[in-house]
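Protein chains in written order, with the numbering used here: chain E, 1 to 308; chain H, 309 to 744.
Hints may be right or wrong, so weigh each one.
Using C-beta positions, here's what the derived DEER-type ranges look like [claimed, not checked]: (1) E:P53 / H:E390: 35 to 45 Å; (2) H:R480 / E:G230: 19 to 29 Å; (3) H:K604 / E:S69: 22 to 32 Å; (4) H:V707 / E:G302: 45 to 55 Å; (5) E:P233 / H:K604: 50 to 60 Å; (6) H:E390 / E:G180: 28 to 38 Å.
The set of hints was computed from the structure by calculation and includes no laboratory data.
Just so we're clear, the structure is a prediction, and the values are computed from it rather than from any experiment.
All C-beta atoms, glycine included, are put in the ideal place defined by N, C-alpha and C.
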Amino acid sequence: MKSRHLLGLEGMSRREINLILDTAEKFKEILARPIRIVPTLRGVTVVNLFYEPSTRTRISFELAEKRLSAEVVNFSASISSARKGETLKDTVRNIEAMKTDMVVVRHQAAGVPYFLTQCLKSSIINAGDGAHEHPTQALLDLLTIREKHKKIKGLKVTIVGDIKFSRVARSNIWGFKIMGADVSLCGPSTLMPVEIEKMGVKVYSDLDRALEGADVVMVLRIQLERQKGGLVPSPREYTNKFGITRERLERLNENFTIMHPGPMNRGVEIMPDVADGPHSVILDQVTNGVAIRMAVLYLLSGGEGKVE
Amino acid sequence: MNRSTGEGKGLEFDLAITGGRVVDPESKTDQIADVFIRDGAIKKVEKAKGTIGAREIIDAKGKVVVPGLIDMHTHLREPGREYQETIYTGSCAAVAGGFASVCCMPNTEPPIDNQGTVKFVYERAKQAKCRIYCIGCITKGREGEELTEINDLVQAGVVAISDDGNPVSDSRVFRNALEYSRMFDLPVISHCEDLSLSANGVMHEGFVSTNLGMCGIPAVAEETMMARDIALAEFTKARLHVAHVSTEGSVELIRQAKKRGIKVTCEATPHHFTLTDETIRTFDTNAKVNPPLRTKKDVEAIKRGLKDGTIDCIATDHAPHSIEEKEVEFDFAPPGLVGLETALGLVISELINKRVLSWNQAIAKLSVNPARILNLSGGRIKKNSPADITIIDPKATWVVDPSKFLSKSKNSPFGGRKLQGKVCHTIVDGKMVFEG
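Only chain E is shown next, with the shape it has when bound in the complex (with noise of 0.2 Å):
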């Protein structure tokens, strides 16, 4: 790994991007043993910060620490009483200065990750900050098609949904065009952040046409509690133009897969029966997303990709 930091999928290499997912695959093979815990971070200790709640980014990376061995803290606070108190950057210190290796940051601000590089000497890794990048989930994504499609370049992926305030979508792009896929991007206009085509990506606001040859479908979570903004005028006319339902899945490509990164709103963005259906790889994606971010922390600590 070049960095010592995950602090997003911007900018790396393909070969990086590679290496975590082949470390990831030999770490699924561990998570089917019997035995699901190998020795290699003892004696690392490892701060997980989440400033937002997280249900599942939160075990994921707790039980990839413990199935490593890396001792873990777990650090949870609302912004609101953490504004209140110290800053940031004094809390970060203070952890540190009980002799910490590796800061997992969730925060609800953007550059969180990068700003905690500047104050810390710990590696950091990004558990999502603000709308800007969601690493680990982007790379659980990574592995999922690369697992079921055996390939990623060329695929059509398409994203529908909340772009503007995604994080995951933000990533994702990033990572399947490195990887050489091709991106679509759907969802209302007024979710659509300005001109996001300059990441390289097809913006349609029509889903039959975002659909047309799609190999990969990722729904995202319509965020409901924004909608007072004015966004989108109800969840009802939401999912009348945009919610996947198995009627829209005709014009996929035959062996197409159904991504969340969750938590799904069922029967808003998507319908449950294409969420349980064949082609959701839904379940997949979370017990991926441990072997990520194993792979991801053993890299991160010095580890040159050869499991045992």
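Chain H: place on chain E using the hints.
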């Protein structure tokens, strides 16, 4: 430094600045001349014949001698946030940057919305190194609802009114402010921002904000409000001055307004003609500012506006914030950057040396133009004008080191940048207040 004591009998002047390139935009002067000062006023500008009868002589050979610069948009933070800046420390930064006068914005705590606070500022300003001119609030408490007692403020010596930092969102209130201030021929300085459009934005809305996943402040947040303000200025025939123009569309709105004969003037900041939103890629909170750093296209448009005269003034929008306030998550950092000590270097490096503006044009925007807008006596090198003079070494290069700023705050995105053009002397009221 290049100072000596005059010799001979009957010393007629207190100070002579000899052999410099005198640039006086009002008279379009740009020639080698000597400037003679007595009793705090300029007494003579001409090539000396024979001995120089002055008690003190500054040899300004190779230097540029300009009217003491005027910054019409400064935040001095006093009263209320003296940990960021005081009138005194701000004045030290000002004279180090070549400014002989600064106009302090009223978003203090409490705000400068009544005669008592204006008097307090002027009382404090007695200690200052440079001239301080007070700008008063448009509305009480800067709340955008009730007009301040503008007559009282004018009596106490405010030179303009502004709710800077906040727009006056209510159009009727802004109309009334323009109409009422017309009685005093007082400029109303507008911070153009439609708050419902800028909402949660922390940087310019464009590809970089999309890339970084940050909430954007669209250019139209500024432009829609500016269009309203211009329409109201036309309707009321009052004097509107638009603060910190930052977008291509804004420049065009003002260009058209001026063509139609509307009494509108405006200013641009050095950071808006120098930096773009690309600067935010390192999440540098010192580059977080309102209005935000825009795109290359906007920077070019501002330069064109400066060149064709659409933009009358260059103002710093010097906004001090402490290190603790800025060393936080980008979303939570307060907007603003300090500019007094880098403005002139940026003007010389980015505008004069790159042939966007001539010396006369550039200095006009830093002296006589703000003086005209605010009805100040400074900003000119001519007989009987106040002896406010800045002497610049146009060739000297230096690297910006915020830790060396005289300002109490160091929040500059220009640290490490190499600039050309350095202040050698700042003279206010005939007295040397800074020597570089």
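List, from low to high, the hint numbers that the structure doesn't satisfy. Result: hints 3, 4, 5 and 6 break, sorted rising.
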